[in-house]
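Work the whole structure out from these sequences, hints included.
So the sequence shown is residues -19 to -1, 1 to 238, counted in mature numbering (1 follows the signal peptide of the UniProt record, and there is no 0).
Possibly wrong hints are sitting among the right ones.
[Unchecked claim] In silico DSSO-like cross-links for lysine-lysine, where the CA-CA straight-line distance does not exceed 30 Å: (1) Lys130 to Lys109; (2) Lys237 to Lys109; (3) Lys114 to Lys58; (4) Lys114 to Lys130; (5) Lys106 to Lys130; (6) Lys58 to Lys237.
No wet-lab data here; the hints were simulated from the structure.
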Amino acid sequence: MKVVSTAANISMMLGVVAASTDHASRVLVLGGGAVPVGTKKYTTGIRPTIDGDNFCAGSLIAPTKVLTTAACLGISKPANWVSVGTHYINGTQDGEQIRVVAAQNHTDYNDINGSYDVAVLTLEKPSKFTPVKLPAADDSDTVSGMWSKVVGWGYTSFPNGTKSYELQGVSLEVWSNTDCAQIYPLDDTMVCAGGVVGKDSCGGDGGGPLIKERGPGDEDDIVIGLVSWGSDCGVGYPAVYSRVSKAMTWINSVLKG
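The structure is reproduced here in structure tokens:
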């Protein structure tokens, strides 16, 4: 993916809504708080070296597979390692670091408009942590007006913040595509969430999960979206996420392959 040209394309399409849309490196958690220690352990950090900084995030969807965005594979830093199961950004206190041996973009990924912004990383060995559940392909797990949660280690203030040491989460309302299309040019491979001033995903580790929570624990969490792109952070506009249900045919083919 050509990050600069894509970001410029999206920015031009948004006009006055976004002067600095970043199509490749979105997710901070603004207006949220640290998730309880020991939860959301399917959330992964993606990094160039075993002890490097996370530049993107993802979700463990099988013992050797991590779901993220294709945009994360198109930036200058290589996705060589993942940190799985950690509450802390450095990943050395309670998680595991596993080498990435293969990466695949969705076959229909469009780096101009962001359609099918989905990728799967294959790990060198199985993770010991429990994967997050995937959504139904019929899109029944993603309903406008429902509440979802985005998690990540990104910046907790904008534009001059620092990355969070602990895994953060913030609850966001899911928009209908009809409503969100009044703000952004999008298609049915995308879903919008947020829109409250000061509560948002933003720059730091795109590819992270937008979750549908179905109980007090994590066992029934479903990843319905992946942090993809949007306007300036926390200004009252929703962010755009890759709609995972629309990629399920391809994801299942990768899992079976």
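>> Between the alpha carbons of lysine 106 and lysine 130, is the straight-line distance 30 Å or under?
In response: Answer holds: lysine 106 to lysine 130 is near 29 Å, not above 30 Å.
>> Hint check: lysine 130 vs lysine 109, CA-CA at most 30 Å. Holds or violated?
In response: Answer holds: lysine 130 to lysine 109 is near 24 Å, not above 30 Å.
>> Just to be careful, I want the Cα atoms of lysine 237 and lysine 109 compared with a cutoff of 30 Å; is the pair within it?
In response: Given pair lysine 237, lysine 109 holds - Cα atoms ~20 Å apart, limit 30 Å.
> Does lysine 114 pair with lysine 58 here, judged by a C-alpha cut-off of 30 Å?
Replying inline: holds, 28 Å
>> Hint check: lysine 114 vs lysine 130, CA-CA at most 30 Å. Holds or violated?
In response: Satisfied, since the Cα-Cα distance of roughly 14 Å is no more than 30 Å.
>> Please verify whether lysine 58 and lysine 237 have alpha carbons no more than 30 Å apart.
In response: holds, 28 Å
Hint check: no violations occur; every hint is consistent with the structure.
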